[in-house]
Amino acid sequence: MKLITAFIQPHMLNDVKQELYKNEIYKMSVTNTLGCGQQMGYHESYRGVDIEVNLLKKIRLDIAVNEDFVKPTVDAIIEGARTGEIGDGKIFVTPIEECIRIRNGETGRVAIG
Amino acid sequence: MKLITAFIQPHMLNDVKQELYKNEIYKMSVTNTLGCGQQMGYHESYRGVDIEVNLLKKIRLDIAVNEDFVKPTVDAIIEGARTGEIGDGKIFVTPIEECIRIRNGETGRVAIG
Amino acid sequence: MKLITAFIQPHMLNDVKQELYKNEIYKMSVTNTLGCGQQMGYHESYRGVDIEVNLLKKIRLDIAVNEDFVKPTVDAIIEGARTGEIGDGKIFVTPIEECIRIRNGETGRVAIG
Amino acid sequence: MKIKRILILTAAGLLLTGTALFADDTADTLALYSDAFDMIWLVLAAALVFFMQAGFAMVEVGLTRAKNAGNIIMKNLMDFSAGAVAFFAVGWAFMYGSTAGGFIGTDQFFILGADSAVLRDWIFQVVFAATAATIVSGAMAERTKFTSYLIYSVVISAVIYPISGHWIWSGVGWLGNLGFHDFAGSTVVHSVGGWAALAGAIVLGPRMGKYVEVNGKKISKAIPGHNMPLAALGVFILWFGWYGFNCGSTLSGTDLSISHVAVTTTLAASTGAIGAMITSWIQFGRPDPSMSLNGALAGLVGITAGTAVVSPIGSLIIGLVAGILVVLSVEFFDKVLKIDDPVGAVSVHGVCGVWGTIAVGLFAVPGALDNAGLFYGGGAAQLGIQALGAVSVFAWVFILALLLFTIISKTVGLRVDSKDELEGLDTSEHGMESYSGFQIFSNM
Amino acid sequence: MKIKRILILTAAGLLLTGTALFADDTADTLALYSDAFDMIWLVLAAALVFFMQAGFAMVEVGLTRAKNAGNIIMKNLMDFSAGAVAFFAVGWAFMYGSTAGGFIGTDQFFILGADSAVLRDWIFQVVFAATAATIVSGAMAERTKFTSYLIYSVVISAVIYPISGHWIWSGVGWLGNLGFHDFAGSTVVHSVGGWAALAGAIVLGPRMGKYVEVNGKKISKAIPGHNMPLAALGVFILWFGWYGFNCGSTLSGTDLSISHVAVTTTLAASTGAIGAMITSWIQFGRPDPSMSLNGALAGLVGITAGTAVVSPIGSLIIGLVAGILVVLSVEFFDKVLKIDDPVGAVSVHGVCGVWGTIAVGLFAVPGALDNAGLFYGGGAAQLGIQALGAVSVFAWVFILALLLFTIISKTVGLRVDSKDELEGLDTSEHGMESYSGFQIFSNM
Amino acid sequence: MKIKRILILTAAGLLLTGTALFADDTADTLALYSDAFDMIWLVLAAALVFFMQAGFAMVEVGLTRAKNAGNIIMKNLMDFSAGAVAFFAVGWAFMYGSTAGGFIGTDQFFILGADSAVLRDWIFQVVFAATAATIVSGAMAERTKFTSYLIYSVVISAVIYPISGHWIWSGVGWLGNLGFHDFAGSTVVHSVGGWAALAGAIVLGPRMGKYVEVNGKKISKAIPGHNMPLAALGVFILWFGWYGFNCGSTLSGTDLSISHVAVTTTLAASTGAIGAMITSWIQFGRPDPSMSLNGALAGLVGITAGTAVVSPIGSLIIGLVAGILVVLSVEFFDKVLKIDDPVGAVSVHGVCGVWGTIAVGLFAVPGALDNAGLFYGGGAAQLGIQALGAVSVFAWVFILALLLFTIISKTVGLRVDSKDELEGLDTSEHGMESYSGFQIFSNM
Ligand SMILES: Nc1ncnc2c1ncn2[C@@H]1O[C@H](COP(=O)(O)OP(=O)(O)O)[C@@H](O)[C@H]1O
Ligand SMILES: Nc1ncnc2c1ncn2[C@@H]1O[C@H](COP(=O)(O)OP(=O)(O)O)[C@@H](O)[C@H]1O
Ligand SMILES: Nc1ncnc2c1ncn2[C@@H]1O[C@H](COP(=O)(O)OP(=O)(O)O)[C@@H](O)[C@H]1O
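So the sequence lines, in the order shown, correspond to chains V, E, P, C, U and S.
So for the first sequence, the UniProt record's numbering puts the first residue at 1; every next one is plus one.
So for the second sequence, the UniProt record's numbering puts the first residue at 1; every next one is plus one.
So for the third sequence, the UniProt record's numbering puts the first residue at 1; every next one is plus one.
So for the fourth sequence, the UniProt record's numbering puts the first residue at 1; every next one is plus one.
So for the fifth sequence, the UniProt record's numbering puts the first residue at 1; every next one is plus one.
So for the sixth sequence, the UniProt record's numbering puts the first residue at 1; every next one is plus one.
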């Protein structure tokens with residue numbers, strides 16, 4: 001089992017969700033985050049004083065899947081989130097050793113979906 | 001060392017905390033998140049237009065523990081969070097390779113607790 | 001590739017960022033979280049009723065790096081976040097199996113930076 | 001000669017007529033002006049009192065949780081709207097119609113045939129009725145069924161408030177006849193609201209998680225309000241509106257005691273805030289903002305009855321006591337009686353309303369009423385009447401409201417179910433969120 | 001004898017003079033007082049109407065997304081500021097200057113040479129002009145270029161509003177001469193704002209993500225507002241300000257119909273809220289807060305034209321219908337016409353403004369106008385005139401505004417680009433955030 | 001004959017008596033009405049000015065960080081409450097008691113023996129004193145010890161404000177006697193507040209993180225405010241209240257210059273907002289909301305001194321200049337002097353207060369004062385007096401406040417410790433959070 005963690009542009013979330021749904025991936029967790037990557041920050045100002053904003057608003061997506069679902073999931077995220085511009089974001093895949101469904105205590109592959 | 005990540009119902013947090021305390025697990029991190037799982041979303045409406053809410057409010061719990069604490073921790077979470085209904089949530093266990101206490105630079109098993 | 005996850009005091013974020021920049025680590029994700037560790041909670045009160053606050057405001061930092069960057073990153077975080085007092089926080093290192101840049105599909109070591 | 005005499009007579013005659021005509025005209029104009037003073041005074045005061053609805057809404061929203069904000073707003077909006085229609089249909093009639101034995105008014109339903117003076121009085125009175133009604137929503141916040149609240153709103157504005165109001169303010173009511181003095185409504189408005197709130201809070205029971213058993217002992221837990229700036233804004237709006245509430249209660253724009261009322265109102269509010277701040281500082285170790293805000297309101301409620309008959313120094317003391325009282329009372333209801341009143345409505349309006357009513361019997365300056373207050377050597381006569389009034393209105397309102405809420409509870413149900421309460425009433429009752437997009441810990 | 005006669009004559013003479021002098025003095029004082037009544041009445045009413053700007057700002061902020069809050073505020077602040085200067089320079093002249101054929105005023109630019117009475121009238125009128133102007137910002141929220149909005153503000157306050165205003169309120173306008181009755185501006189102010197808003201919303205097009213193609217059918221998506229407590233506060237402020245708006249429109253502080261106006265205003269607002277609440281309950285299964293808030297405003301807009309000439313019972317009905325209408329109208333514009341109006345400005349001000357105007361022809365009580373309303377047996381005469389007025393003003397405003405927005409759109413551009421819209425106008429237009437530090441899901 | 005003559009005489013006599021009686025009655029009524037006008041005018045104006053407290057609270061809350069919101073509210077609530085009691089006890093006496101050499105009042109402590117006219121004046125004056133006091137809290141926000149702020153509040157309301165006020169407004173003060181003109185308090189109220197704020201900000205030092213050394217150079221960092229909608233609401237409330245502030249300062253409800261005051265006030269506020277918007281646009285490349293809001297206030301402060309004596313066109317210019325000035329001044333204090341004033345109180349109230357005072361010497365129309373303004377050919381006489389007044393009050397307030405804050409700083413301490421400042425004053429000073437449940441980046 002793998003945990004797929006993606007950082008994407010907030011306004012791409014809807015498209016990503018649609019792509020995931022198309023691939024029958026319905027389970028995920030979504031968190032607000034601030035990101036600093038290759039994308040340059042931008043400048044705001046407040047009362048005439050410049051603010052360098054280098055932590056940009058991002059969405060963090062966590063999706064736990066079985067091995068065979070890793071590729072479809074990653075592809076779906078890319079499909080939904082890619083614009084080709086800096087700031088599109090990044091995907092990390094990490095191993096999961098165990099997964100438990102709280103409701104009934106099921107574990108492992110069956111619990112993840 | 002393992003990282004136990006649980007997604008639970010927001011209003012079960014207190015019960016889960018109590019169960020963890022009972023098992024002498026005091027360290028944890030709590031994050032607000034939105035989740036999409038087996039639990040169906042619900043419908044809100046705004047000014048007469050339907051909104052399908054399929055990202056439900058969830059709490060993400062991260063607890064880093066030594067191996068021998070994995071089971072008690074998982075059990076405590078289940079004990080606190082289970083209602084037997086869809087939406088109860090899920091627990092993921094992932095490996096941690098290193099753990100460092102910032103205060104004094106301690107690492108490994110002693111640092112985690 | 002490793003994922004370095006640090007929980008630090010909110011007001012140390014700036015210092016940590018400066019230290020990371022010094023070590024040419026520019027990529028990171030920052031999330032608001034609540035933490036419960038060795039640091040005792042404190043007491044607020046509301047309308048005369050005591051509130052025991054044991055979930056303290058923390059910042060969660062996620063930084064994905066290649067192996068050779070693990071030590072500099074950890075050191076930089078410690079440099080920036082350490083005051084020597086309880087509550088300084090903790091760093092966890094977990095393995096990453098894959099990393100993909102959404103923009104161009106690059107994977108692995110080149111994608112992380 | 002004759003001609004001259006005739007001339008003189010004619011001149012005098014003309015003079016007479018002219019003067020008379022002029023005098024008539026002038027008298028008419030002066031009468032019109034007198035009416036105009038009362039008109040603009042009462043309509044502006046009514047507008048100010050209306051604005052207090054916004055104040056109540058903001059205080060209640062601010063001192064409760066984010067997940068119920070929309071519901072509270074709806075309750076505040078609709079208790080005014082439904083209440084105004086109810087007061088139009090029957091409330092006014094019960095309050096100011098021809099009396100039946102000093103207990104209830106009996107005509108003028110739908111204020112039919114009202115002239116401009118009656119309409120003026122109605123507009124000034126309806127906002128008072130609405131104030132009494134809306135006080136309750138705070139004490140019943142975060143757990144009451146919306147439909148049930150609507151029913152309650154209509155009943156208090158149509159029946160409960162107007163009848164005790166008739167006793168005191170109709171000019172022919174039994175309490176008023178006894179010499180009971182409540183200038184702007186410490187009892188008529190605030191206590192009525194406060195005691196109805198108490199009944200509601202009792203029948204409803206506390207919010208989930210408010211009182212928790214720890215080692216067999218129920219202890220009170222804090223459920224912090226989510227928006228102090230709005231709560232503070234609400235208090236400032238209420239204080240602002242109170243100038244209409246109290247000063248307007250001269251009922252006349254040519255009554256020069258208006259400034260006296262304004263001064264005592266201001267001073268009592270100030271010492272109320274100071275009193276609550278200091279008390280909270282002593283009790284909890286820190287000056288508590290939400291208590292200090294309550295303190296200002298407590299001072300205002302406290303001075304409302306006696307504002308025209310106590311001296312500025314008297315008002316300082318009345319406000320200070322109200323400020324101290326409100327903190328102790330909030331603690332008492334919460335920690336001892338374990339009655340859950342999220343915004344302190346019972347303490348602010350009920351308890352301090354009674355204090356204000358009683359204070360008239362203590363601080364009334366000589367000459368203002370038939371009897372001076374106890375502290376001015378007037379003996380306990382006025383005090384006794386004031387106490388009688390406070391008790392009578394308490395009994396009337398509390399019993400009726402208890403009945404009303406119990407009936408609602410047994411029939412349509414008074415409380416949302418626990419899942420809905422946890423989730424928040426905005427979603428369950430209105431299917432929406434009040435702070436869409438904001439990330440909020442909804443488990444609190 | 002002679003002496004006596006002389007004495008008498010002298011006495012009478014003195015008397016005559018004395019009385020005359022006294023009468024003169026008194027008359028002067030009475031005239032001054034009359035002016036003073038009008039002065040304080042209109043200035044206070046103007047202040048109340050000014051405060052409605054805060055109400056509009058809060059309603060619009062509350063019903064839109066957090067990422068555009070600062071932009072909305074800027075629009076509300078600047079449309080008043082720029083509009084006031086424009087109305088000072090030319091607006092007043094076009095509205096109240098000597099008429100050219102009943103169509104437009106032609107002098108008094110910069111209100112030069114104005115005496116205290118004209119200044120008084122100007123201050124009361126400028127806040128009405130600003131109300132008309134600011135209505136539009138809600139309908140055009142979350143996607144309009146700031147510069148373009150500024151241009152629009154100046155044009156509506158300087159030209160569009162004053163000219164149709166001249167037709168009706170100048171005393172010499174063609175519509176007024178026909179007997180068109182719009183007491184406080186259901187048409188003059190609210191419809192003007194509403195129809196300009198409609199034109200703006202059409203030319204602008206909907207917000208991104210508002211209408212989505214699903215299986216070849218465009219369906220409407222909800223874009224929830226981010227702050228219901230502020231929206232509610234805004235409505236309470238507007239309602240409060242409306243006492244200045246409607247009651248002040250007696251234009252005289254000695255007009256005893258003020259209380260009548262206050263009563264009908266209150267009742268219509270109440271039934272407006274009730275009507276919208278019930279309609280939303282039936283239509284959507286739940287009592288919708290934002291719709292109920294709109295309902296109160298709809299009731300207020302609806303009663304504004306007829307407030308002085310309809311009975312309290314009439315006002316109850318007018319408000320109720322407005323409350324029902326506003327919900328249906330919001331749905332119609334959103335779901336059928338697919339015109340995106342984030343706050344419902346077109347429905348509240350345009351549609352209910354027309355309803356209020358028409359309602360005069362239905363509910364005017366006998367004696368109030370030349371013709372009684374249809375329901376009082378006065379026939380359709382007044383109704384016809386009212387309809388004519390509503391249509392004329394619609395045509396004038398809608399066409400001109402359509403033209404104006406199209407020109408702006410083709411030249412400076414009316415809409416921000418899509419990246420900026422997604423990101424939010426606060427950052428793109430003003431380089432700042434409105435809720436710094438708060439964690440907000442900005443993808444909504 | 002005799003009888004006839006007697007008849008005539010009697011008739012004339014009767015007539016005389018009747019007329020006299022009637023004249024007496026009428027005169028009494030007219031005098032009462034005159035009092036009534038002043039009464040309702042000043043009490044309503046006072047209520048409006050009181051409401052400005054809410055405006056200040058919201059502006060200050062909005063322009064600072066979420067973690068200090070509750071503290072700011074407490075400061076605003078308590079500076080009024082403590083200040084009102086102080087002004088009651090001694091402030092009024094120092095300001096309006098019998099003069100000692102035109103420098104200080106010496107009797108009427110506790111306004112003992114005040115009749116309705118004095119009470120009326122007191123209520124109108126106390127809200128002005130409170131305005132001066134509350135201005136300071138903004139400049140000292142986010143780092144001041146609550147106890148120390150309380151001490152300051154009492155001293156400014158009891159001593160500093162009343163004494164310079166005595167110089168100008170008592171009718172017997174030395175500055176007033178020289179012909180210094182400050183209609184509603186550009187100097188008396190706003191500059192006093194502004195200069196005390198300056199002293200406070202200097203003694204306190206900047207907030208942590210406001211000025212950072214980069215390469216040996218201190219540069220200014222932005223610390224964004226957390227709630228623009230509330231800041232905007234605050235400005236609208238202040239503007240609304242200003243109609244009471246300025247128009248009420250006629251001190252008479254029968255003074256027909258009220259409308260003139262209302263017009264110049266409105267126009268100056270408008271051009272103030274416009275001026276600041278344009279200046280910020282030029283300076284920073286974008287129209288800045290918080291600066292534009294400051295601009296409206298700057299225009300209002302600027303017009304306050306001259307509102308009754310400058311023409312509408314004059315007011316347009318005064319406001320515009322104030323709007324430009326406020327932006328430049330904010331930048332100057334922040335970037336050049338490195339004095340940290342979170343809400344721009346020094347620039348808005350201090351600098352623009354002086355500008356408004358000086359502007360009287362430039363724009364006073366002929367006939368309004370002894371000397372016309374410089375631009376109307378009246379020479380520099382008035383200008384000189386105005387400048388003298390501005391400088392004297394600056395010296396008086398700034399030195400005294402500097403002393404006061406230094407003493408506080410050396411004794412009880414003026415500033416919270418750095419850990420508390422980082423954590424936020426809500427937790428450290430009041431043990432609570434203002435936005436419980438909201439997820440907020442508290443590291444900002
Ligand atoms: N090495 C990393 N560690 C943690 N988060 C990262 C890392 N690289 C990227 N991110 C996250 O992904 C987001 C997008 O990164 P960005 O630099 O825009 O991607 P790209 O390199 O494809 O342009 C960042 O804002 C950050 O939140
Ligand atoms: N595969 C997954 N990947 C990421 N998060 C998940 C996954 N499955 C569940 N979750 C998280 O757990 C929450 C609870 O899931 P739910 O479907 O209600 O559990 P159950 O399957 O036991 O009913 C979800 O809302 C989501 O936040
Ligand atoms: N075992 C753990 N699991 C998850 N989070 C932890 C753990 N230990 C510490 N944390 C996080 O780190 C933060 C700092 O911990 P703290 O106890 O203050 O560190 P220290 O032990 O160095 O004093 C905590 O508030 C929590 O968010």
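Hints listed in this document are in silico derivations from the structure and should not be mistaken for laboratory results.
C-beta: ideal position from N, C-alpha, C; glycine also.
Be aware that one or more of the hints could be misleading.
Stated by the list, open to error - Below 20 Å or equal to it, Euclidean Cα-Cα: the simulated EDC-like pairs (lysine to aspartate or glutamate) are: (1) U/Lys210 - E/Asp15; (2) U/Lys210 - U/Glu423; (3) S/Lys335 - V/Glu44; (4) V/Lys22 - E/Glu52; (5) S/Lys335 - V/Asp50; (6) S/Lys217 - V/Glu19.
Said to hold, decoys possible - Calculated from the model, a selection of chain U residues having no Cβ within reach of chain S, i.e. all distances over 12 Å: (7) Thr99; (8) Gly102; (9) Tyr211; (10) Pro366; (11) Thr411; (12) Tyr435; (13) Ile440.
Evaluation of the provided hints:
{"no.": "1", "hint": "U/Lys210 - E/Asp15", "result": "violated, 41 Å"}
{"no.": "2", "hint": "U/Lys210 - U/Glu423", "result": "holds, 16 Å"}
{"no.": "3", "hint": "S/Lys335 - V/Glu44", "result": "holds, 17 Å"}
{"no.": "4", "hint": "V/Lys22 - E/Glu52", "result": "holds, 17 Å"}
{"no.": "5", "hint": "S/Lys335 - V/Asp50", "result": "holds, 11 Å"}
{"no.": "6", "hint": "S/Lys217 - V/Glu19", "result": "violated, 51 Å"}
{"no.": "7", "hint": "Thr99", "result": "holds, 23 Å"}
{"no.": "8", "hint": "Gly102", "result": "holds, 27 Å"}
{"no.": "9", "hint": "Tyr211", "result": "holds, 27 Å"}
{"no.": "10", "hint": "Pro366", "result": "holds, 35 Å"}
{"no.": "11", "hint": "Thr411", "result": "holds, 19 Å"}
{"no.": "12", "hint": "Tyr435", "result": "violated, 6 Å"}
{"no.": "13", "hint": "Ile440", "result": "violated, 9 Å"}
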